[in-house]
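Participant: Each chain, written out:
There are 2 protein chains.
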Amino acid sequence: MADDALFEFLHMEIVAHVYKEQATREDIDKERVTCVSTLEAMGFRVGQGLIERFTKDCPTFKDDLDVMKFLCKDFWSTVFKKQIDNLRTNHQGTYVLQDNKFALLTQFSSGKQYLEEAPKYLAFSCGLIRGALSNLGLESVVTAEVSLMPSCKFQVVIQKL
Amino acid sequence: MADDALFEFLHMEIVAHVYKEQATREDIDKERVTCVSTLEAMGFRVGQGLIERFTKDCPTFKDDLDVMKFLCKDFWSTVFKKQIDNLRTNHQGTYVLQDNKFALLTQFSSGKQYLEEAPKYLAFSCGLIRGALSNLGLESVVTAEVSLMPSCKFQVVIQKL
Numbered sequence: 003m004a005d006d007a008l009f010e011f012l013h014m015e016i017v018a019h020v021y022k023e024q025a026t027r028e029d030i031d032k033e034r035v036t037c038v039s040t041l042e043a044m045g046f047r048v049g050q051g052l053i054e055r056f057t058k059d060c061p062t063f064k065d066d067l068d069v070m071k072f073l074c075k076d077f078w079s080t081v082f083k084k085q086i087d088n089l090r091t092n093h094q095g096t097y098v099l100q101d102n103k104f105a106l107l108t109q110f111s112s113g114k115q116y117l118e119e120a121p122k123y124l125a126f127s128c129g130l131i132r133g134a135l136s137n138l139g140l141e142s143v144v145t146a147e148v149s150l151m152p153s154c155k156f157q158v159v160i161q162k163l
Numbered sequence: 003m004a005d006d007a008l009f010e011f012l013h014m015e016i017v018a019h020v021y022k023e024q025a026t027r028e029d030i031d032k033e034r035v036t037c038v039s040t041l042e043a044m045g046f047r048v049g050q051g052l053i054e055r056f057t058k059d060c061p062t063f064k065d066d067l068d069v070m071k072f073l074c075k076d077f078w079s080t081v082f083k084k085q086i087d088n089l090r091t092n093h094q095g096t097y098v099l100q101d102n103k104f105a106l107l108t109q110f111s112s113g114k115q116y117l118e119e120a121p122k123y124l125a126f127s128c129g130l131i132r133g134a135l136s137n138l139g140l141e142s143v144v145t146a147e148v149s150l151m152p153s154c155k156f157q158v159v160i161q162k163l
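Line by line, the protein sequences give chains A and B.
Its first residue numbered 3, the first sequence is counted upward by one per residue in the numbering used here.
Its first residue numbered 3, the second sequence is counted upward by one per residue in the numbering used here.
Since the hints were derived computationally from the structure, they do not count as laboratory data.
Hints should not be assumed to be uniformly reliable.
Since the list can't tell identical chains apart, any single copy or any two copies may satisfy a pair.
[What the hints assert, rightly or not] Below, in silico cross-link-like pairs of lysine to any residue (SDA-like), each with a Cα-Cα straight-line distance of 20 Å or less:
1. Lys58 - Ala7
2. Lys84 - Leu107
3. Lys162 - Glu119
4. Lys64 - Glu119
5. Lys58 - Gly95
6. Lys64 - Gln109
7. Lys84 - Glu118
8. Lys75 - Pro152
9. Lys122 - Asn102
10. Lys162 - Tyr21
11. Lys122 - Glu23
12. Lys75 - Asp6
13. Lys83 - Thr96
Start from the sequences and build out the full structure, keeping to the hints where you can.
Facilitator: Structure representation (structure tokens):
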């Protein structure tokens, strides 16, 4: 419990810092885009680094679905202390990962009250997924959607080369 | 192992981000002070948050030394995955915490080559200690010193009110 607290607190600090820093120098609209991409980029690099360690002793994956399953179980458990609750796919490169109690949203009160704050707290994790997949040879576009806190859906669209 | 990697990678990203961001707008000298204090302040808040969780079910501490021991053992183990190797005190409010293999310095090659980079990577942790102590009722000044990587000494001077 104290372990995930470290990550959660650190993550909150980063989000707060990135937004505060931008607020001092840019206009509002531009700010929003930049902050999200800054956080996404940080997540990307962390995801790349982590997956390298995680998969060091792993057998190779047999297909994309296999990679996604690993991400939903092992990777997610280590980072967010629980597995993804539901993984769906259209078998054409689109995956939806649903976490019913996403760690980085649990500090908020449940419901719809802080819904517009949510994207701030999801950008890093989108990058994390994209970075992890990238290092496993899958380029992707990752977006997140919250309709009721603290549940969250990540949509991963694999880019065919 | 993958757990501490998350913290280490995230910490590296923060340091890199804070320095990069400042480099784009300030002159060099001012930059340095600001970056260190930004990181220290982030550490302070994370330290405050963490200690609150850690000590929730703890008995009260009988004196300052007792607090420091808790910090060196339980707190350090959770955050940095090992205990402080050596704790010394002059019994007048000054404590020296020595970590012979400080987690946030292990990515560097050992020795003196990157010594001048070290302060960047210690500011957050100084804040972490100061924040934890502050929440336990002890105001302090915390500084860090590296003479040979990856070993590190933190000096804590308790401020008597």
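Participant: First find the shortest C-alpha distance between Lys75 and Asp6 inside one copy, then the shortest across copies, and answer within, between, both or neither for a cut-off of 20 Å.
Facilitator: Close inside one copy (17 Å) and across copies (18 Å); limit 20 Å.
Participant: Within a copy, between copies, both or neither: which one fits Lys58 and Gly95 at a CA-CA cutoff of 20 Å?
Facilitator: neither (25 Å within a copy, 46 Å between copies)
Participant: As a check of your reading, is Lys84 near Glu118 (CA-CA no more than 20 Å) within one copy, between copies, both or neither?
Facilitator: neither (25 Å within a copy, 39 Å between copies)
Participant: When no copy is specified for Lys64 and Glu119, does a C-alpha distance of 20 Å or less occur within a copy, between copies, both, or neither?
Facilitator: neither (38 Å within a copy, 42 Å between copies)
Participant: At 20 Å max between alpha carbons, let me know whether Lys122 reaches Glu23 within a copy, between copies, both or neither.
Facilitator: For Lys122 and Glu23, both the intra-copy (14 Å) and inter-copy (19 Å) Cα distances are at most 20 Å.
Participant: With 20 Å as the alpha-carbon cut-off, assign the pair Lys75 and Pro152 to within, between, both or neither.
Facilitator: within (19 Å within a copy, 34 Å between copies)
Participant: Could you place Lys122 and Asn102 in one of the four classes (within, between, both, neither) given a Cα distance threshold of 20 Å?
Facilitator: Within one copy only: 18 Å inside, 38 Å across.
Participant: One pair to classify: Lys64 and Gln109, alpha carbons no more than 20 Å apart. Within, between, both, or neither?
Facilitator: neither (37 Å within a copy, 32 Å between copies)
Participant: With identical chains treated as interchangeable, where does the CA-CA distance between Lys84 and Leu107 reach 20 Å or less: within a copy, between copies, both, or neither?
Facilitator: Cα proximity of Lys84 and Leu107: one copy only (13 Å, versus 29 Å across).
Participant: Cα distance capped at 20 Å. Does Lys162 pair with Tyr21 within a copy, between copies, both, or neither?
Facilitator: Answer is neither: 34 Å inside a copy and 36 Å across each miss the 20 Å cutoff.
Participant: Between the shortest in-copy and the shortest cross-copy C-alpha distance, which are at most 20 Å for Lys58 and Ala7: within, between, both, or neither?
Facilitator: between (26 Å within a copy, 13 Å between copies)
Participant: When no copy is specified for Lys162 and Glu119, does a C-alpha distance of 20 Å or less occur within a copy, between copies, both, or neither?
Facilitator: neither (32 Å within a copy, 41 Å between copies)
Consistency note: the structure conflicts with the earlier hints numbered 3, 4, 5, 6, 7, 10 and 13.
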